[in-house]
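Novice: Sequences are here, hints too, so could you generate the full structure?
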Amino acid sequence: YKCKLNTIELTSFSQGPHCPLSDREGRTALHRASERGHTAVALALAKAGADIRATDLMSKTPLHLAAQNGHESTVKSLVHEEKKSLKNQTTVLHMAATEDDATLILLDKGIDPNINGPKDQTPLHLSALHNQPALMALLLHVGAQINSITQDEFTALHLASQSGNTEAVAQLLEGKADIHVKDKQGRTLLLTSGSDTNATEKEKKTPLHLAAKEGHTKAVSALLAGKSQS
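Just so you know, the sequence shown maps onto residues 1 to 230 in UniProt numbering.
It is worth saying that the hints were derived from the structure and are not from the lab.
Remember, it's a predicted structure, so these values are computed and weren't measured experimentally.
Hints are not guaranteed to be accurate.
Stated by the list, open to error - Restricting the straight-line Cα-Cα distance to at most 30 angstroms, the calculated cross-link-like pairs of lysine-lysine (BS3-like) are:
id, residue 1, residue 2
1, LYS184, LYS119
2, LYS176, LYS119
3, LYS76, LYS47
4, LYS76, LYS119
5, LYS119, LYS47
6, LYS119, LYS182
Specialist: The structure is reproduced here in C-alpha cells:
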C-alpha cells in the first residue's frame, strides 16, 4: 500500500490500510477516497481496517466528506460497514443526532431513520435529548417514529421535556407527538399543550414538582400559568 499527499495510490494491502502519516489537512487515504466518491476504494480501505471515524484537522470524518460532496453510494457503503463494526448498533445517524450534523444524514436516500442504538434510542431520541430541532424536523420528515420508546420507556418528548429543551418540545408537539404517553414511572410530560398539570405519577409528584426539581424555569412558568396546584 502506498500513500501520497493529497492523492491515493493503491499498490498493495500487504502493509495494511493505514498510512503512517495523514496529509497536511489531517486526512487519511480513506478521507480522500470518500471525499471524491471513490466508493470501491473507500470500501476496500474500510474492510481492511481503516478507521471510518478518524477525523481531520477540521474534525471531519470520511463520512462527513462523502455526505458533504453528495456521494450517496459512498455514504451508504460506509454506513453499512460502520454498522458492522460498532457495538450496540450505534451508527453515524446517532453520532449526527448528538452533533446536529445534518450533512451526514442522507435519510431521504434510503438510510433507516429508526435504527436503534444503545438502550433502543433512535436518532430522534438523541436529537431531542440534545435539543436539535432542525435535525428533528428532518428525521420526522423522512419517517422517524415520533412516539417510539427506549428501553426505559421514554419517548423523544419525555427526554426533551425532562431536559428542559423547549425548542425540541415545540418541534415534537408540532409533529403531533402523543402527550399522554407515560414512562415506566408513570410520568407524562412536563411541558404539554392543555394536559392536566396536576396529574400525579406513581411517586405522587405532579409535573410541577418534577419541573421544579429539575430547575426548569420555563416549564414551571408554563405550568403555573395553567393554574397548577402544588
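Novice: All hints are to be evaluated individually against the structure, with a verdict given for each.
Specialist: Verification of the hints:
no. : hint              : verdict
1   : LYS184 <-> LYS119 : holds, 14 angstroms
2   : LYS176 <-> LYS119 : holds, 24 angstroms
3   : LYS76 <-> LYS47   : holds, 14 angstroms
4   : LYS76 <-> LYS119  : holds, 24 angstroms
5   : LYS119 <-> LYS47  : holds, 27 angstroms
6   : LYS119 <-> LYS182 : holds, 17 angstroms
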